[in-house]
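S.K.: Sequence:
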Amino acid sequence: MLKLEPFWVYATVAFLVACGRRHFLAAPDIWATPYFTVLLVLISAVFAPVENWVMLKHTDWESTFLLRSAHDSPILAFASWLHIVCALAAYCVSMYLLRRYGVESVLKSAMWAFTIFFTSQGMFYDCLMYSGTFDEYHAGVKKSFWSFFCTQRFLDAYVIFSLIYGPPFFFLSIYWNSGYSEEERNAFIRSLTRQAVNHGIIISAAYIFLLDVGVLPDKFDAWRLVPTLLMHGVFHSMVILPQFLCTTVGNEKTSHSEEVVKQEGIGLVKNDFINNSSITNTRKSCQILDTINGF
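Residue numbering for the sequence shown is 1 to 295, as defined by the numbering used here.
Just so you know, nobody snuck in bad clues.
Simulated pairs of lysine-lysine, BS3-like, Cα-Cα distance not exceeding 30 Å:
| no. | residue 1 | residue 2 |
| --- | --- | --- |
| 1 | LYS3 | LYS108 |
| 2 | LYS143 | LYS219 |
| 3 | LYS143 | LYS57 |
| 4 | LYS3 | LYS57 |
| 5 | LYS3 | LYS219 |
| 6 | LYS142 | LYS219 |
Rather than coming from a laboratory, the hints here were simulated on the basis of the structure. Fair warning: this is a prediction, and the values are worked out from it, not measured in the lab.
Construct all of the structure, not just a fragment, from the sequences and the given hints.
M.R.: Here it is, written out as structure tokens:
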């Protein structure tokens, strides 16, 4: 979906920057770090090619039925470059937020981008998740939200895309976000969860309010909250839950500290024993000298 691609790219890049915050902050130059190189390779070598494949195969749906095929617009030929440009812009913005305002600001921006991308698909499912053809769409043929999940579009754009892009994305997010204490990891997850829940509440309240005052078109009813919140909840869960796999260092630090204390204690005992033995030997020597002098 070309209209939502900037949000999708920004959410991906900003979330990985937040996960690798320690490494990105340690770099003196935001461009001279291997983590930026890895991020750029992920977008240019995995994300963009798969997105372009989906775009060329389902041009009508990706263009929200503005184009019938990829031959109708030369802009699609530069789609890969557009993805990379969006990724570079997202990296600059997220690094600015990270260095100036901290990781929480990066997380908030990333989660809002995820929210816009996910919930828009549910709220505007009759366009963004339309299961019919180009001609059916412009003829006004209605399709249900659930029918989209039985189409080749869903298989290609959601299932296959996730199978290709998901493993490297989640590996980097988990690997970069590891090495913190269990408390820090849980605080990171709580922040993600809190924002996802707050966004769902805000969107639901705003939608109900607009529905109540009657400013929305007739096709928007209360039932649309079901696909909206479903897309919001399911896909945010797919982003948040893998973070529980991040390894922590709390137990290792504790064990190391205990070992140091133990070794230091053994050393102190040894030193006391040696000192006491030296004192005892000195006293015995003095007693022997006194005995000799007495004779």
